[in-house]
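Chains as they are written, first to last, in this note's numbering: chain L, 1 to 312; chain V, 313 to 624.
Honestly, the hints are just simulated from the structure, not real lab data. The beta-carbon is built from N, C-alpha and C at its ideal position, and this holds for glycine as well. Heads up, a few of these hints could be off.
Just the calculated beta-carbon pair ranges, DEER-fashion [unchecked claim]: (1) C9/L x G337/V: 41 to 51 Å; (2) E616/V x C9/L: 20 to 30 Å; (3) R505/V x P287/L: 49 to 59 Å; (4) F308/L x D526/V: 49 to 59 Å; (5) E290/L x Q320/V: 18 to 28 Å; (6) A233/L x E552/V: 48 to 58 Å; (7) D526/V x C9/L: 47 to 57 Å; (8) L201/L x D541/V: 30 to 40 Å; (9) E589/V x R217/L: 46 to 56 Å; (10) G311/L x N336/V: 20 to 30 Å; (11) S282/L x E559/V: 48 to 58 Å.
Protein chains: 2
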Amino acid sequence: MDLVERIQCGDARAAARLITLVENGTAEAVDALKQLYPRTGRAYVIGVTGPPGSGKSTLTDRITAELRHLDRTVGVIAVDPTSPFTGGAILADRIRMQRHSLDEGVFIRSMATRGHLGGLSRSTNDVVDILDAMGKDFILIETVGVGQDEIDIVRTAHTTLVVAVPGLGDEIQALKAGIMEIGDLFVVNKADREGADRTVLEIEMMLEHGESDDGWRPQIFKTVAVRGDGVEALTQGVLEHREFLFEEQGDRRKSKERSRWVFRALLQERLTARAVERMAASGGLEPLIERIAGREVDPHTAVEEVLFRLGL
Amino acid sequence: MDLVERIQCGDARAAARLITLVENGTAEAVDALKQLYPRTGRAYVIGVTGPPGSGKSTLTDRITAELRHLDRTVGVIAVDPTSPFTGGAILADRIRMQRHSLDEGVFIRSMATRGHLGGLSRSTNDVVDILDAMGKDFILIETVGVGQDEIDIVRTAHTTLVVAVPGLGDEIQALKAGIMEIGDLFVVNKADREGADRTVLEIEMMLEHGESDDGWRPQIFKTVAVRGDGVEALTQGVLEHREFLFEEQGDRRKSKERSRWVFRALLQERLTARAVERMAASGGLEPLIERIAGREVDPHTAVEEVLFRLGL
Chain L
1 MDLVERIQCG
11 DARAAARLIT
21 LVENGTAEAV
31 DALKQLYPRT
41 GRAYVIGVTG
51 PPGSGKSTLT
61 DRITAELRHL
71 DRTVGVIAVD
81 PTSPFTGGAI
91 LADRIRMQRH
101 SLDEGVFIRS
111 MATRGHLGGL
121 SRSTNDVVDI
131 LDAMGKDFIL
141 IETVGVGQDE
151 IDIVRTAHTT
161 LVVAVPGLGD
171 EIQALKAGIM
181 EIGDLFVVNK
191 ADREGADRTV
201 LEIEMMLEHG
211 ESDDGWRPQI
221 FKTVAVRGDG
231 VEALTQGVLE
241 HREFLFEEQG
251 DRRKSKERSR
261 WVFRALLQER
271 LTARAVERMA
281 ASGGLEPLIE
291 RIAGREVDPH
301 TAVEEVLFRL
311 GL
Chain V
313 MDLVERIQCG
323 DARAAARLIT
333 LVENGTAEAV
343 DALKQLYPRT
353 GRAYVIGVTG
363 PPGSGKSTLT
373 DRITAELRHL
383 DRTVGVIAVD
393 PTSPFTGGAI
403 LADRIRMQRH
413 SLDEGVFIRS
423 MATRGHLGGL
433 SRSTNDVVDI
443 LDAMGKDFIL
453 IETVGVGQDE
463 IDIVRTAHTT
473 LVVAVPGLGD
483 EIQALKAGIM
493 EIGDLFVVNK
503 ADREGADRTV
513 LEIEMMLEHG
523 ESDDGWRPQI
533 FKTVAVRGDG
543 VEALTQGVLE
553 HREFLFEEQG
563 DRRKSKERSR
573 WVFRALLQER
583 LTARAVERMA
593 ASGGLEPLIE
603 RIAGREVDPH
613 TAVEEVLFRL
623 GL
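So that you can see chain L by itself, here it is in the shape it has in the complex (with noise of 0.2 Å):
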């Protein structure tokens, strides 16, 4: 059997390699992807965003522990920075998540910010795909940061969690309201803290002057993911909110939303190296880089006179 096909038997190995091609950008992860997309759609995602230390891979772990007690097949993918000085992603996720690792029923996966300007995006959107394909039910997105490459990445999952914590500081909150509109679910996490009410209200109060664009009231849930508590009536929330994507609309406009994402950032992504190769093959690049360091012409016009010569 070949790749594609071991990937559409649940191989977990062959899917971790699709991975790696995908990350390094090979020719052959594309004929690989193109293969597999018919075979997609059936997952079911959720994204998991918040600022540092609020606790996103504890919950990531419980809800993945819950789905697993509903009898779900879980994908798990971290979205990390790389460290330039490991060469690797870091490995602190996957170890928190090793009392799944004799499970066949989870997939983890940590993927590393290589490239820039949106290939991190485009490349989470390969992964979910691929998962999807080896027939995960649901894949869970956990970002590291708050960024807005992570908002981009979230934005195409169906169900967006946001994680918050008592009592952080200005920062928190600000970085919060950024990310207030992704919200379907807010999670107060760590609600043993003092403060976990104030920020319960905080999140209300926020919403309140929000109007939600397909009739959804985000809910609000607090838990304390480190022992477990409240993570069975979130991972329920999740599953209300499926129910309402899928009653209301059939999925349909959510699963176009996606695709208008993934087809953006791709196109993006190929526009952008695709006119780049053309000119560093002209000769036309660097001579043209130089002139903008030198000031002999602006980055406006130069970007312009490569849309023409370009003959858009």
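Start from chain L and add chain V according to the hints.
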């Protein structure tokens, strides 16, 4: 005088107006940026990044004061997430910086996270050029988070400060790893807290495994920004790195690197926008998204078809 002339004379209101035009993506803004570009290239750009809660705003405030003591003018760009519920950038940083509000030598602006997939990186570059053209000697760019987008933003700085704090958890360590490569100077802020020396040691250990590609040996500083402790030494450290860049390479390498990033971010944004525009105009965009959502065509094949149709 028109907007461009007023900015060249250092008019803060004119600069603020152009920044708003840039954020709104108007054609007028692009025209003005083209005219201003020959007047840029004199400012020294400092990036300040690190996890939320590390005290970047306070530190930026203190470095600003320090540079003012040295009689240098300063521009500050605080890159903020936008809340869709408040409709604007978070005011916290601006409030914190109010002590400089009557000082004409300081210009402060918060940038909102509008658009997506690299758009913020591009508009921040434009704002740097505006503050540069208005004659600011130093420009500080402070990011709220440490996502990939923020890394792309500070990557264009001459000197990048990576701010850490003692005693944060695993996730912070993971984040730190992702931004180690971009740090010219490292700051352990809140250094009066327990564990400061351990954090310094951890950074030293990580740095030992890395190699600087330009021969610069990254320095580590301890500060207590709220009290101003260590900020003078840190500012001197920035000036030393500046000396190093100019002496070693006459600033050319860094300037070319900056131009490459600025060009690529702008090319990516304009190229994608143009391609999507073209497709939408021909009525081909929505049917294609529908086909991807319906699993009739995979995103990779769809993008290849688009590239082919565009003659790329």
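Results for each hint:
For the hinted restraint 41 to 51 Å between C9/L and G337/V, the CB-CB distance of approximately 48 Å keeps it satisfied. Separation of E616/V from C9/L is about 28 Å and conforms to the stated range, judged on CB atoms against 20 to 30 Å. In this structure, R505/V and P287/L meet the distance hint of 49 to 59 Å, their C-beta atoms being roughly 51 Å apart. Between F308/L and D526/V the Cβ separation comes to about 35 Å, which falls outside the hinted range of 49 to 59 Å.
Range check, E290/L to Q320/V: about 25 Å between beta-carbon atoms, so the 18 to 28 Å window is met. Distance hint check: the CB atoms of A233/L and E552/V are about 55 Å apart, consistent with the given range 48 to 58 Å. Taking the beta carbon of each, D526/V and C9/L are about 50 Å apart, inside 47 to 57 Å as hinted. Distance hint check for L201/L and D541/V: the Cβ-Cβ separation is about 36 Å, which falls inside the suggested range of 30 to 40 Å.
About 36 Å separates the C-beta atoms of E589/V and R217/L, a value inconsistent with the hinted range of 46 to 56 Å. The hint said 20 to 30 Å for the Cβ distance between G311/L and N336/V, and at roughly 28 Å that hint holds. The hinted range of 48 to 58 Å is not satisfied by S282/L and E559/V, whose Cβ atoms lie roughly 35 Å apart.
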